[in-house]
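Undergrad: Here are the chains, one letter per residue:
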Amino acid sequence: MSPPGPSVALSGVTKSYPGGTVAVDDVSVEIAGGSFVALVGSSGSGKSTLLKTINRLIEPSAGSITIDGQAIDVEDRFRLRRRIGYVFQNIGLFPLPHMTVAENVAIGLRLEGEKNPRARVAELLGLVDLPADVAARMPDALSGGQRQRVGVARALATEPRLLLMDEPFGALDPVTRDQLGGAIRALHDRLGLTTIMVTHDMAEALLLADRVLVMEKGRIVSDAAPRALLAGEGGAAAQALVAVPREQMKRLGALESGA
Amino acid sequence: MTDFLDALTRVPDLLAQHLLLAMSALVLGIILSLPLAVWSARVPSVGRIVLGFASLIQTIPSLALLALFYPILLSLSTLVGGGIPALGFLPSLLALTLYALLPILRNGVTGLAGIDPAVIEAADGVGMTAWQKLRLVEAPLVAPVLMAGIRTAAVWTIGAATLSTTVGQPSLGDMIFAGLQTQNWALVLAGCTAAAGLALAVDALLGVIERGIARRKRLGAWIAFGLLALGVMVALLPMLPARQETVTIGAKGFSEQYILARMIGHRLEAAGYRVRYKEGLGSGVMFAALTSSDVDVAVDYTGTIWTNEMKRTDTPPRDAMLAAIRSWQEKQGLNLLGRMGFENAYAFAMRGDRAKALGIASLDDLVAKAPDLQFGADLEFLERPEWKAVRAAYPIRFGSAHAYNPTFMYRALESGQADVISAFSSDGRIAADRLTVLNDPRGAIPNYDAILIIAPHYAKDAQMIAALKPLIGRVPVEAMREANYMVDRDVGKVSPDAAARWLEKRVGL
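Protein chains in written order, with the working numbering: chain A, 1 to 259; chain B, 1 to 509.
Keep in mind that the hints are not guaranteed to be accurate.
In silico BS3-like cross-links for lysine-lysine, where the CA-CA straight-line distance does not exceed 25 Å [as the list claims (entries may be wrong)]:
| hint | chain 1 | residue 1 | chain 2 | residue 2 |
| --- | --- | --- | --- | --- |
| 1 | A | K115 | B | K311 |
| 2 | B | K505 | B | K493 |
| 3 | B | K217 | A | K115 |
| 4 | B | K388 | B | K311 |
| 5 | B | K369 | B | K356 |
| 6 | B | K469 | B | K505 |
I should point out that these hints are in silico values taken from the structure, not numbers from a laboratory.
Excised from the complex, chain B in its bound form (with noise of 0.2 Å):
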């Protein structure tokens, strides 16, 4: 209890970005649905192709919708020379607003349509002009028809508002993802209470405005309209004061990278920077996200930009790697500042007991067996590199290869519904739960040191350089396991905050 207690005192700043990323798409959805639905009312062509679109977006899955904005601001930022933000607010008002046409526009549209022909007519026989006809006739007539398309556009703004955490919104959906990642249940009851909450409210608020508009009772409707409004003003107020410049850290969703952010967080904060976060990012665009500055610092790992952004595929020395990588970075304008001192490599794992009886110490004896065995990956691995890279060094044909979420996978191996998974040689749980990690005789998997990148805004502040030094050869892997364990374990999980505060009081911080 005192957990989700703990979890609510997330919410209220949540709350307030949630809030005001959904409103903001639903009025400039409303803004662009009501013209294409006169215009669609009015001519039938344009209403066929209109609603189609409408129609097609929604069958876009909503995280896919809100995924396919990032490339395709990344391309238009290229275009006009920079300046778009790729990240952040913008893919996500546009996803949503896209989202919330639907509903708004069909809804407009039906309602236009069945309006009694007789109606027009007569509006038409006493002499309104076509804008009078709308003002005085049509819009009274089909806004409570409107109102009730508002509101499910509402709803569905909400809802789908949680996603924009994958971006790098700040949404109630952070709780929700991290909870789900952390295993941290109390997090993701109190993220998802609070977003439906807000649905209800929402939705109720709306439909006081809808009967207020259908019963002729403008009292309550302008009531219920001020409280939404204030609602909003509310949500706006943190953002009035002269914002001081703010450090976005950026972080990959599982537990070693929420844990470092807040510990470059905390070493920010110290330095007398505002800090904020951008977590569960694809590596991908985690990356891409790096070198425009849409996330300033960042912890990745040297095997993914070796394989994933430079595209090679040898794999060289630990250190003529390193070098070759800061080269390259240092023409993008990216500053790599040094490794953090442990790696966090790929590695296939096994149970212990089952590696013994089946006689599996290396990939080399994998290859023979792997037919009759379940691999589960994590929801990157089967799409990456470096599985293409294992599997052009050592022939494996696994019986069947499904992904799951990082902590589901450890699950699924101890369940036994996978027989070997894509771990990490950081995580604790090798240890923990005594897990044989496979040997790689070949050297397939290239090496995997995490690193700290700064983006080009910050790539030579001094402040910033200074404050993060310290950091650089600090974090050995015993202590970065220790620490992601005290994540994910079952029982006794802590915050990656407060595994970061243990962290840093661990390496002498």
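The following block holds chain A by itself, in its conformation from the complex (with noise of 0.2 Å):
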């Protein structure tokens, strides 16, 4: 088992535009290296935003972040992006006419200057268990689940400490979800990554993540761990997401018992 992955902190991060709306409203959160944190909300929460501020794909403006204690703004940009890993909504990958696969997965290997990342990509492959000779295939000839499979391997490529996801099974069957959320867990566990995702569907985050943060209108409402919500905590906010799968839940048991 490696170290785990860096600690995060944000302290009173916001963003607002110039036209006065409010994405991110004073956040101040703390996330402790090692854990895998869920950013639930509705979408137009700023759950999104809040998480691309931390490799600054968007500027916040005020407040502050830093990774293992370190400001995010001492560095350039360019070489904070390539040390966090990301894996994008939905598409993922670069439909670009002559990016294979592998140049997809070599893609922030190639930036950093490695010449040849053959065998990394062949590994990296193998750990998101995709077979090696989808390497030389083009994006579009994946399903959904491989090409997102795919977008988590170049995540991993340059073996960040910390990896960023935003909504990684918005598009997927739930089946693939289900699989793939396994597998990413698997991996958190495995590489010791501090893992921040974003998603809309608290039942994903309760089975997934150590802890759950709710976010409305810009602010965080709740903060708990999956059990602690289970049993009722975090607020009326957190309370009205997991009566959802809750409530389903009770109509399937009902249906199975025959009632």
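Join the two chains into one complex using the hints; note that each chain is given alone, in its own frame.
TA: Next up, the structure:
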């Protein structure tokens, strides 16, 4: 087991736009090294915006962020992003005419000047349970699930210690979602990463994360462990989200017992 | 058919020049457009200005755009103390380059704007710098759209390059303009076919490159690119040997000028000079080209210089006018070698039967009848000071006035579409068509002796003066008319070059 991933601390992070819209409103939170944190909220709650301030895809209007105690704006943002694994929403890959799966996986290595990443690509594809022969294919020849696995392999290529995921399973069917979620949690544990995942699906958050942050209108309104949430803690907003899968489960149970 | 095959022999040389001009403009256009397209896509306000400017240029007719560069370059050259050629390759290149900008820019900007923002965010997310993003993500995604724009630009440029003839840059347009002028349809057809063939061939090769880029068939793209490069190389070949100095002979856009230019050319070639022709030039353009040595030798007319260049409105006797012009030109370093021996004055001509029926013999008679008559003028005449001078002396108001290419002007007179035309006194068609030339009892039209002028660069070149001196006073108006008619007539016409040979024999050179 590798040493745990870095801790991340956000302090008073705010993102407001010229029109007066406030996407993230004075968020302060500390994320322990090695933890798997889910950011849950409805669309427009500011969860994606908050995630993107960590790798500086979005610059906050106010507040500061540190990774392992070091402010993220001391080094240039391209370096920072290459150190942080990032799995994008939906597509996740470059649909470029000349970029194969292997080239997609190796893009981070290429940016760092690595000339011959072939062996590393094979290793990464193995890590996400893809057969080696997908390396030569084009991204559009893969299924949605395979594509997102390639996205994870690409994010892990530069051996980041921190992994950010923005709705990584958004476009996948439920079976694939479940498989991939399990695979990512296993990777997180095996590699000892710090993982922050944005999702709108509370059930997914409860099943995968160690800690669930609920966002509403740019603020964190709940911060609790899955077990605590299921026990009814975490406040009204969180409980409203937990109620949905709980209710579904009840109805399924009722169906099963034939009532 | 043999006419057409004859005409085709002129194609290779002009095709090479045409290809070089169009490709240079295209390459320069690409070099300018690409950074502009990126800048425009990044900064929307820049994009609006750049695309607006490029669209504005497209609304200027290509012929006008070419013509505009002449005064611009001329004044620029004066500003920096000379040295910038205002005719020929440079103005053509600049005008065509501007023309090539729009399709490349527009497709580049549209292509960049059309890239899925998620892809750009992905590029940012993996830590690409702006340059890496452009090179690794945006360029490959935009390439097919951009190539389509480059193809459009190539076809436009090759088409518009035919017009560079008018500013003295040899191109396939030389054949089209000369053929139109002398009604040599085989020449026009050969020129058009060659220009269209060139455009199709370049478009097809660029199409192969485009598909190669889109479908990752790099070999095909490289082969097509190689063929294009080879074509340009072959076109460049004639320029390789150390070029001996070439004398440029200018000609305005009518048969007499084409014939005399060839006659001068034959003399100079016999004296060991290399010559080339800049044909189809406008009056003002040709004179300015002479003073700036863009054209080295040309035949002009005393009246044209007197009214157009010296801005004089009086009409002194022949010898006094020539002496005044000579001393005026000497100040500009030009050498007025002398009169050719014939006059080509503006003359008002009517069909003989019609003039008789209406009882018109002079411009005075015309005054009363003009409101019921249609006037057909050559392309310049209605703007010329001579027309002003005539109207000042005779209050003529025509029912309508239309400008024609000289050849079509005679057709209009013949068919009755025009009743009176602005003819030239040395024109062979006056005698052949039995036209009546109206008298000028008030002496409003100045004298138009053909004169041979040498540009400052060769003004004191004894060898050239010796080669051209025998032409002075040598060409009587009857001989000139006959030679002109050989080129202008509908049946059994000959090329200006052949007419020049005939004229040389006729006057004993």
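Undergrad: Could you run down the list of hints and mark each one as holding or not?
TA: Quick rundown of the hints versus the structure:
1. Annotation: proposed proximity of K115 (chain A) to K311 (chain B) is violated, straight-line Cα distance about 74 Å (limit 25 Å).
2. A hinted pair counts as satisfied when its Cα atoms are at most 25 Å apart, and K505 (chain B) with K493 (chain B) qualifies at roughly 18 Å.
3. Of the pairs offered as hints, the one joining K217 (chain B) and K115 (chain A) holds, with about 24 Å between alpha carbons and a cut-off of 25 Å not exceeded.
4. Restraint check for K388 (chain B) and K311 (chain B): the C-alpha separation of about 12 Å stays at or below 25 Å, so the hint holds.
5. A distance of roughly 13 Å separates the Cα atoms of K369 (chain B) and K356 (chain B); the hinted pair therefore holds under the 25 Å criterion.
6. Taking the CA atoms of K469 (chain B) and K505 (chain B), the gap is near 17 Å; set against the 25 Å cutoff, the hint holds.
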